[in-house]
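**Student:** Here's the letter readout for the chains.
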Amino acid sequence: MSAGDVIRLSAAQLAEKLTAGELSSVEATQAYLDRIEAVEPRVNSYLHISKDALDTAAKVDSDRAAGEKLGPLAGVPIAIKDVLCTQDMPTTAGSRILEGWVPPYDATVVARLRRARLVPLGKTNMDEFAMGSSTEHSAYGPTRNPWDLDRIPGGSGGGSAAAIAAFQAPLALGSDTGGSIRQPGAVTGTVGMKPTYGGVSRYGAIALASSLDQVGPVTRTVLDAALLHDVIGGHDPRDSTSIPDAWPSFADAARRGAASGSLDGVRVGVVKELGGDGFQQGVSERFAQALEVMEKAGAQIVEVSAPHFTYAIAAYYLILPAEASSNLAKFDSVRFGMRVTPPGGGTVEDVMAATRELGFGPEVKRRVILGTYALSAGYYDAYYGSAQKVRTLIQRDFASAFEQADVLVSPAAPTTAFKLGEKLEDPLAMYLNDVTTIPANLAGVPGMSIPMGLAPEDGLPTGLQLMAPARADARLYEVGATVEALLEQSWGHSILSKVPALVGGDN
Amino acid sequence: MAKPELMDFDKAIELFEPVLGFEVHVELSTKTKMFSDAPNPANDDGHGAEPNTLITPVDLGLPGSLPVVNGQAVRYSISLGLALGCSIAPSSRFARKNYFYPDLAKNYQISQYDEPIAFEGSVEVELEDGRLVQVPIERAHMEEDAGKLTHVGGATGRIQGAEYSLVDYNRAGVPLVEIVTKPIFGAEADAPQLAKAYVSTIRDIVRALGISDARMERGNLRCDANVSLRPRGQEKLGTRTETKNVNSLRSVERAVRYEIQRQAAILAAGGTIIQETRHWHEDTGRTSPGRPKSDADDYRYFPEPDLLPVEPSLDLIEELRAALPESPALMRRRLKTDWGFSDVDFQAIVNAGLLVEVSETVAAGAAPQAARKWWMGELSRTANERGVDASTLATPQQVAELVALVDAGTLTDRLARQVLEGVIAGEGSPEEIVEARGLAVVSDDGALIAAIDEALAAQPDVLAKIRDGKVQAAGAVIGAVMKAMRGSADAARVRELILERAQQ
Amino acid sequence: MSEITTEQVAHLANLARIALTTEEIEKLTGELGVIIDSIATVSEVATPDVPATSHPIPMSNVFREDVVGATLTTEQAIAGAPEHDGSRFRVSAILGEEQ
Ligand SMILES: [Mg+2]
Ligand SMILES: [Zn+2]
Chain A
21 MSAGDVIRLS AAQLAEKLTA GELSSVEATQ AYLDRIEAVE PRVNSYLHIS KDALDTAAKV
81 DSDRAAGEKL GPLAGVPIAI KDVLCTQDMP TTAGSRILEG WVPPYDATVV ARLRRARLVP
141 LGKTNMDEFA MGSSTEHSAY GPTRNPWDLD RIPGGSGGGS AAAIAAFQAP LALGSDTGGS
201 IRQPGAVTGT VGMKPTYGGV SRYGAIALAS SLDQVGPVTR TVLDAALLHD VIGGHDPRDS
261 TSIPDAWPSF ADAARRGAAS GSLDGVRVGV VKELGGDGFQ QGVSERFAQA LEVMEKAGAQ
321 IVEVSAPHFT YAIAAYYLIL PAEASSNLAK FDSVRFGMRV TPPGGGTVED VMAATRELGF
381 GPEVKRRVIL GTYALSAGYY DAYYGSAQKV RTLIQRDFAS AFEQADVLVS PAAPTTAFKL
441 GEKLEDPLAM YLNDVTTIPA NLAGVPGMSI PMGLAPEDGL PTGLQLMAPA RADARLYEVG
501 ATVEALLEQS WGHSILSKVP ALVGGDN
Chain B
3 MAKPELMDFD KAIELFEPVL GFEVHVELST KTKMFSDAPN PANDDGHGAE PNTLITPVDL
63 GLPGSLPVVN GQAVRYSISL GLALGCSIAP SSRFARKNYF YPDLAKNYQI SQYDEPIAFE
123 GSVEVELEDG RLVQVPIERA HMEEDAGKLT HVGGATGRIQ GAEYSLVDYN RAGVPLVEIV
183 TKPIFGAEAD APQLAKAYVS TIRDIVRALG ISDARMERGN LRCDANVSLR PRGQEKLGTR
243 TETKNVNSLR SVERAVRYEI QRQAAILAAG GTIIQETRHW HEDTGRTSPG RPKSDADDYR
303 YFPEPDLLPV EPSLDLIEEL RAALPESPAL MRRRLKTDWG FSDVDFQAIV NAGLLVEVSE
363 TVAAGAAPQA ARKWWMGELS RTANERGVDA STLATPQQVA ELVALVDAGT LTDRLARQVL
423 EGVIAGEGSP EEIVEARGLA VVSDDGALIA AIDEALAAQP DVLAKIRDGK VQAAGAVIGA
483 VMKAMRGSAD AARVRELILE RAQQ
Chain C
585 MSEITTEQVA HLANLARIAL TTEEIEKLTG ELGVIIDSIA TVSEVATPDV PATSHPIPMS
645 NVFREDVVGA TLTTEQAIAG APEHDGSRFR VSAILGEEQ
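As they're listed, the protein sequences go chains A, B and C.
Counting with our numbering, you get residues 21 to 527 for the letters of the first sequence.
Counting with our numbering, you get residues 3 to 506 for the letters of the second sequence.
Counting with our numbering, you get residues 585 to 683 for the letters of the third sequence.
Because the hints were derived from the structure by calculation, they are not lab data.
Ideal Cβ placement from N, Cα and C applies to all residues, glycine included.
It cannot be assumed that every hint is accurate.
[As the list claims (entries may be wrong)] Calculated pairs, BS3-like style, for lysine-lysine (alpha carbon to alpha carbon, straight line, at most 27 Å):
id, chain 1, residue 1, chain 2, residue 2
1, A, K71, A, K89
2, C, K611, A, K439
3, B, K485, B, K467
4, A, K385, B, K472
5, C, K611, A, K385
6, A, K37, A, K89
7, B, K33, B, K150
8, A, K89, A, K79
9, A, K443, C, K611
10, A, K316, A, K385
11, B, K472, B, K485
12, A, K292, A, K316
[Unchecked claim] Far from chain C by the CB rule (all over 10 Å, computed), these chain B residues:
id, residue
13, S38
14, R220
15, Q277
16, Q474
[Unchecked claim] For each label pair, taking beta carbons as the anchor points, the in silico distance ranges come out as:
id, chain 1, residue 1, chain 2, residue 2, range
17, C, S671, A, D108, 18 to 28 Å
18, A, A402, C, E610, 16 to 26 Å
19, C, A636, A, P382, 25 to 35 Å
20, C, A636, A, P268, 30 to 40 Å
Take the sequences, apply the hints, and build the full model.
**Tutor:** Next up, the structure:
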């Protein structure tokens, strides 16, 4: 099998070959490292490449050869969003203020990856502290969309999504506070899953907005996402908000869905407020076609209304900055990270302020100041307090929508990938990219983005978002895998098979 | 700094009504911290650990780390709330108090704001003359302690003038309960002693509950005292100051008295009181101005998103209520009867703030009279000389051990005093000091008999007098023997041996 | 248009400990004005009868046993520190006093 073939296998396929002994983890890891080396100068999806990947892979191979019982993804390489703490690699969250910082501990999800014997390839690029929808707010330069290098890969997890789309990793971890897994998924033609809030541990994930953040899989297929979710999910006593319930096998759910090929009796709710004006025409067309495919497969399409979703962005841009302003206060140059001493010295207050001035980028400063405002005396009730009430209203909207539908659907992003720099100077326009993904974060429900086809006008990927009630993540994997299979049948190919070549002769 | 003008205390009380308020922070002695599983330096196991050894990523506020509430700390807090006569909130929440300070790892403190675990209580406090006063409690809430700063350079190790500071986060995350009173009216001239009696009562309560070591010199119990004055007949409360760093019972009393005298002088001269924090200086017996209250005090409280509400069941609350020890007032009544002390003797112990020490010494095996003697005598005397609380000088266990050594005849009273000096100097346990200093009573009768024979030879008529029935004549010989033995003899044994010789 | 002023932004920057430049303050004043106008819409529906939700998945009483776990070594603790004395973190002189 050529290296080019190896990197085009899905994680599930690769895992099968590893288990069957048809391929070693070292071979697979080497194929990915070579690919990274070849395309990274153009894509910039990684901030750090692990020096230990081949050693880790070799250890998996030898343990497998020694007959050790290994998990289903053992030996499969994985890319890790730089928001997650890794004991053996720098963790910067895309910020200058943490340049070179190596945490003394692993995030729970990272520890679980290692226990399941996956092979960490490196850390992926992201908007600074996950604030952004384009990965242009990374302090280490933007990541480029493999579909068109002049375009953004989405954000904040553009590095993870681009790494998957550019075949620089078979699996990646992302984090999703308002769409940072799903929106990059949509614009890169990959699969992204934001689990139910509390379904995956946040311990060791550098916090943006604690009540919204969730870690989740970024992959090429729904089954791959399910396999990875099975590894990282489940209760963690180090995260108080972690749900203690037992979870079903998501991989089983995805396999069931892919095998059934039918959506008989599935009520699919189209959220009226998550479409229409402001959505790119090709996105709307692809969405309509996806609905047709689902209906043909037996789904019952119903329109549902969620009237308060209109207020979701406003509530989100109060809650997120408020929580972030507090979460980011720890970056003060005392215990870790960069320190800037003003000319002529100064008090610790001056040093902290100078460090944060130089260490934070403009979007981080904007949101920290906004959040400080929203929480300050006299404004709390009008802003933060009101936003938390909107959250209640959005949860109620979800509750009534889920009385009428088993899953809710919408486009995962209002447009295809836009050009680098296009929205950098217009924060409000940038914020609108997450219009469809934010409600799920506010309510804590799971949301998944799967490829929905290429927009006719620009040939760029679009994404379909599926949402389910809290704790019903398995339903998303089951339905998502069915829809994925149906759509690929209707196109006759997978979306990622159409990614343009990034290096000569390799595609 | 010019020495501020003070008004005579009685005069101040004549012109103004003092209104008090207290915020007392109690460090809980759980095994682990409030939000992490690091060892807790507020108990004896963790006390005095090397800097930055009792920490996890949570206590350092490392990126990605998350707090998890210590269930035992919650139970302790509920018990304390109940002992303060408070209602326990069916649902309470943690909140973030945001401010930048280098000892605060996350630059926010996890505390409780609008939904504290306990609220609306009352504590009965006994004044020196036995009068009982009810101090109204507004709330008791859970929070975490900050780390410790050491200021280096500059004259005195104070923050002003220091070149740089060093931060140790061992104390960061120690579980605290902050007890906040309502304004306390009507204390009048008793205000200073009420302050001391209140803090002493809180200390007794948390010790009886066994939820804190409550050693003020270690900072297990810290008091901020709020004082304001209003002219007689005025309805509106005066501007208050908050005096921090009041870390002994003695200081609480002195600081309140000082603030009353200081504020009265300013007000009487037509000045205004600035709302500010002030710092108590044990050495000078004065308070100095700290930070004025400003909009920098905009703490931007909001519900802590990393933690969930605390909703204790009625069953748990009733279980903890049933397990409460007797109140300090009841305990006082019981101990007075048990010990059989006179009113005067007993009240003296209470007023000295040593009731807990004496009762713990008795619990450790000493007779009540002996326990009282050491605490009210030698230890109180030394404490007064040094301007500290007697409880800082020795532990009840050490005093009980000392009493046991005297009871066993190993030490005379005089030797015991020397041993106690060693205890105060931190030389170890009484037994260790006896050993190290070679202070035990000479129990070898041979050496005593030799000394007695020598003394009798020098005073040949004594034996004859004793044989004639004039037993008191032995006194002169006993004195000579004790002198020869340099005090390391048991006088009663010497007397016995002299009488034995007389029989021969 | 909301009434955000440059003075207000300067005050917020001080609260947030960011030494913004004058140009940044001016730019942010304009941007925040626009953003705040658009997010202020939350008050349209946040009526008094609506309870606030701070946790998306309601749970309560999540406690830990009072059992000591692993600690960091002092070396691990100070490894990432800009300045230390071997066991403690070093900071420049402190102007203000503790809260
Ligand atoms: Mg206070
Ligand atoms: Zn406090």
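**Student:** So, for every hint listed, does it hold in this structure?
**Tutor:** Cross-check of the supplied hints:
Restraint check: the Cα-Cα separation between K71 of chain A and K89 of chain A comes to about 26 Å, which is no more than 27 Å; the hinted pair holds. Taken as a hint, the K611 of chain C and K439 of chain A pair is honoured in the structure, with Cα atoms around 24 Å apart against an allowance of 27 Å. Proximity of K485 of chain B to K467 of chain B is assessed by CA-CA distance (about 22 Å); at most 27 Å being required, the pair is judged to hold. Proximity of K385 of chain A to K472 of chain B is assessed by CA-CA distance (about 98 Å); at most 27 Å being required, the pair is judged violated.
Restraint check for K611 of chain C and K385 of chain A: satisfied, since their Cα atoms lie roughly 12 Å apart, inside the 27 Å limit. Between K37 of chain A and K89 of chain A, the direct Cα distance comes to roughly 15 Å. Compliance with the 27 Å bound is thereby established for this hinted pair. Only pairs whose Cα atoms come within 27 Å are accepted, and K33 of chain B paired with K150 of chain B is accepted, the gap being roughly 20 Å. With a C-alpha separation of about 13 Å, the suggested pairing of K89 of chain A with K79 of chain A holds against the 27 Å cut-off.
Simply put, K443 of chain A and K611 of chain C have alpha-carbon atoms about 16 Å apart, close enough for the 27 Å limit, and the pair holds. Taking the CA atoms of K316 of chain A and K385 of chain A, the gap is about 49 Å. The hint is violated against a cut of 27 Å. Among the hinted pairs, K472 of chain B with K485 of chain B is consistent with the structure: their alpha-carbon atoms are about 22 Å apart, no more than 27 Å. Restraint check for K292 of chain A and K316 of chain A: satisfied, since their Cα atoms lie roughly 21 Å apart, inside the 27 Å limit.
Once the 10 Å rule is applied to beta carbons, S38 of chain B is inconsistent with being away from chain C; the minimum gap is 8 Å. The claim that R220 of chain B lies off the interface holds: its Cβ sits roughly 18 Å from the closest Cβ of chain C, which is beyond the 10 Å cut-off. With a cut of 10 Å on Cβ distances, Q277 of chain B stays outside the contact zone with chain C, its closest approach being about 15 Å. Residue-level check passed: Q474 of chain B sits 64 Å from the nearest beta carbon of chain C, beyond 10 Å.
In this structure, S671 of chain C and D108 of chain A meet the distance hint of 18 to 28 Å, their C-beta atoms being roughly 25 Å apart. In this structure the supplied range 16 to 26 Å holds for A402 of chain A paired with E610 of chain C, their Cβ-Cβ distance being about 25 Å. For the hinted restraint 25 to 35 Å between A636 of chain C and P382 of chain A, the CB-CB distance of approximately 31 Å keeps it satisfied. Range check, A636 of chain C to P268 of chain A: about 32 Å between beta-carbon atoms, so the 30 to 40 Å window is met.
The structure fails to meet hints 4, 10 and 13 from the earlier list, while all remaining hints are met.
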